[in-house]
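Using the sequences provided together with the hints, build the complete structure.
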Amino acid sequence: MIFKVAWRNIWRAKVRSFIVIGSIAVGIWAGLLIIGFSFGMNNERTASAIGTTTGHAQIHHQDFDAEPLSTAVIADSATVVALREKVEALPFVSGTAQRTVLGGMINSAKSARAVRIMGVWPEEERLQTTLADYIVDGDFFEDSGRNRLLIGEKLAKRLGLKLRSKVVLTFQDAEGNLSRASFRISGIYKTLNATWDEFHVYVHHEDLEKTIGAPLVHEVLVRFEETVDTEEKAGALAAAMPVGLAVKSWKQVRPELGFADDMMAIMLVLVLGIIMMALLFGIINNMLMAILERRRELGMLMAVGMNKRKLFLMILVETLMLGFVGGPIGILLGDLSTRAMMRIGIDLSSKQDGLAELGVQSMIYPEIVPSYYLIIAVMVITTALIASILPAIKALKLNPVEAIRGI
Amino acid sequence: MSKPVIEVKNLEKVYEGAVPVHAVNGISLTITQGEFTALKGPSGCGKTTLLNMLGGLDQPTAGSIAIGGVDITTLSENALIDFRLRNIGFVFQAYNLIPVLSAQENVSFIMLLQNRPKEEREARAQQLLEAVGLKGKEDKRPGQLSGGQQQRVAVARALASKPQFVLADEPTANLDSQSTANLLDIMERLNKEEGMTFVFATHDDRVIKKARRIISIEDGKVLSDD
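Chains as they are written, first to last, in our numbering: chain A, 33 to 439; chain B, 473 to 698.
Hints are computed from structural coordinates only; laboratory data are not their basis.
Mixed in with the good hints there might be a few duds.
As the list claims (entries may be wrong) - Cut-off 25 Å, straight-line C-alpha distance, at most; resulting in silico cross-link-like pairs (BS3-like, lysine-lysine):
no.: 1; chain 1: A; residue 1: 198; chain 2: A; residue 2: 186
no.: 2; chain 1: A; residue 1: 36; chain 2: A; residue 2: 383
no.: 3; chain 1: A; residue 1: 383; chain 2: A; residue 2: 186
no.: 4; chain 1: A; residue 1: 142; chain 2: A; residue 2: 194
no.: 5; chain 1: A; residue 1: 340; chain 2: A; residue 2: 426
no.: 6; chain 1: B; residue 1: 607; chain 2: A; residue 2: 36
no.: 7; chain 1: B; residue 1: 634; chain 2: A; residue 2: 342
no.: 8; chain 1: A; residue 1: 36; chain 2: A; residue 2: 340
no.: 9; chain 1: B; residue 1: 609; chain 2: A; residue 2: 36
no.: 10; chain 1: B; residue 1: 612; chain 2: A; residue 2: 46
no.: 11; chain 1: B; residue 1: 634; chain 2: B; residue 2: 682
no.: 12; chain 1: A; residue 1: 340; chain 2: B; residue 2: 634
no.: 13; chain 1: B; residue 1: 664; chain 2: B; residue 2: 607
no.: 14; chain 1: B; residue 1: 590; chain 2: B; residue 2: 634
no.: 15; chain 1: B; residue 1: 634; chain 2: B; residue 2: 612
no.: 16; chain 1: B; residue 1: 590; chain 2: A; residue 2: 340
no.: 17; chain 1: B; residue 1: 664; chain 2: B; residue 2: 475
no.: 18; chain 1: A; residue 1: 189; chain 2: A; residue 2: 383
no.: 19; chain 1: B; residue 1: 590; chain 2: A; residue 2: 36
no.: 20; chain 1: A; residue 1: 222; chain 2: A; residue 2: 194
no.: 21; chain 1: A; residue 1: 342; chain 2: B; residue 2: 590
no.: 22; chain 1: B; residue 1: 481; chain 2: B; residue 2: 693
no.: 23; chain 1: B; residue 1: 664; chain 2: B; residue 2: 693
no.: 24; chain 1: A; residue 1: 36; chain 2: B; residue 2: 612
Below is the structure:
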């Protein structure tokens, strides 16, 4: 009956209860929208980075980061083929692609910039990444010809380059000597990550080999079947590697993406925490009002023998019920709105340039993150529990004689 | 000779302040089972303070109150709450029913606090409401009942816990004469037929006329006891 009393008590001051329940619902709704939006944006950025450039994991020589790039090759060609076959046999791996990675300079008539030169096997690259989809001018090594080069749009602008412009690349060859070769721009790409575009040029591996003498494989990009549990899968991949090779997950390759993921998780909890704090004060205020209005009744209950534990429980249940009504409404609203926005998307094209710096498209499609429903449910219950403490203490401090006489 | 239900010895209650007030000043009295007693006196004479102390709602400054042989002035706060629940019935001037519960639920609620089984609660609530003449009004909420009817629900509630006695503080103060007569008849019948002990604090002559023992109080002292 305590539940019945608590439930009916909520509806004694209908307007007040509706306001509190409404604020809980709106708070949760807003929280879920923010979560959906943030995850949508972040996952898209991650998916785009994984899809266009990084892959889920990469295999390098263990000294790849420390040594001059040209010497830290994985192995000779035959060994690399065997290694890739072994990796592709793993159940969670969907494919691999190999790359030559060199540090160097690009010179145009106008200027020069430090870049990373990616020597790719175009057919493999096309299969394992979506880079070819981001060509805005020219093509992805489709035209025959020699010394073709793909350049990011942003870098091209900085260097004053256009399609078919000539550039000179300077890099270290297999012996560590500086080599130079001239290339002609055959394609201009623009991924969602402007920073990547500014520092990476792509060339056909054959054209590089002519200068450096042999195919050097510095990097094997690995794609998984799904973007879930990627850290564990990268671990499993590392366990299958021979000595001398190292595996990096996409989070290690692009720490800014992993950092963004972690930061977002912290930020979302903070945002939810702030929403809950606001709700906390609203609920406390509501319950204090309820206690004040019912002093006489609570005094009577204490007089006739309702013990403190039960009185506390009654107020606790009443407060929790506000959350139990408002919570599901908010979750339902949040879920429905997120689903609606998943279909239509959120158009942020007015902020396109800024978003490109972050590696994000201008259309954001929010995502439903079921685990956050549980987090929100726990937070609402916790908030209601905390909110009930002060009003309950206030009620317990009532002196029955004074409360009955008063008002 | 009936056994004593309430035994009060040298009871004192002093409200401290710039000028200490002796609300109850050395009262000793015994109330035995089956009494229908009125504490009468002008406002501020100390009768409500005395009633509150008899009900374990207020602590005396000195003296002792034994209820059924238990000195309630020595009980801890929690023990006292439980003692009130099991031994004392209360009827308040302003009825003080729970507005969100029906008449039947109001009566049952006390038994719920005593952890009695549901069947017993429902049966007893029904029986008590019938005894106070509210058969058919079980599902009405306090707001749907007249003042007299609400006070009868309060009497049924006071009896629900099977107390040793019922304390009623000005139970008729808010009632018209017809409701007052009804209520008093019911309480008198419960007193005679079931031997329930009633102690009123009142200055309502209609209640005083019905009482079989009248204790007059003035300035915190017993003036007369007949």
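Is the hinted pair residue 340(A) and residue 634(B) satisfied, with a Cα-Cα distance of at most 25 Å?
-> holds (22 Å)
Please work out if residue 634(B) and residue 682(B) have their alpha carbons no farther apart than 25 Å.
-> Since the Cα atoms of residue 634(B) and residue 682(B) sit roughly 23 Å apart, the hinted pair holds (cutoff 25 Å).
Can the restraint linking residue 36(A) and residue 612(B) be considered satisfied, given a maximum Cα separation of 25 Å?
-> holds (16 Å)
Holds or violated: residue 664(B) with residue 475(B), Cα cutoff 25 Å?
-> holds (16 Å)
Is residue 634(B) within 25 Å of residue 612(B), Cα to Cα?
-> Holds, at about 23 Å.
Given pair status - residue 186(A), residue 383(A), alpha carbons within 25 Å | Roughly 17 Å between the alpha carbons, so the hint for residue 383(A) and residue 186(A) holds.
Holds or violated: are the alpha carbons of residue 342(A) and residue 590(B) at most 25 Å from each other?
-> holds (18 Å)
Taken at face value, is the distance from the CA of residue 340(A) to the CA of residue 590(B) at most 25 Å?
-> Satisfied, since the Cα-Cα distance of roughly 22 Å is no more than 25 Å.
Holds or violated: are the alpha carbons of residue 198(A) and residue 186(A) at most 25 Å from each other?
-> holds (17 Å)
Does residue 664(B) pair with residue 607(B) here, judged by a C-alpha cut-off of 25 Å?
-> With Cα atoms ~21 Å apart, residue 664(B) and residue 607(B) stay inside 25 Å; holds.
Compare the distance between the alpha carbons of residue 634(B) and residue 342(A) with 25 Å, and conclude whether the hinted pair is satisfied.
-> holds (20 Å)
Quickly compare the C-alpha distance for residue 36(A) and residue 340(A) to 25 Å and report which way the hint goes.
-> Holds - the C-alpha atoms of residue 340(A) and residue 36(A) are around 18 Å apart, at most 25 Å.
The structure does not agree with the numbered hints 2, 23 stated previously, though it agrees with the rest.
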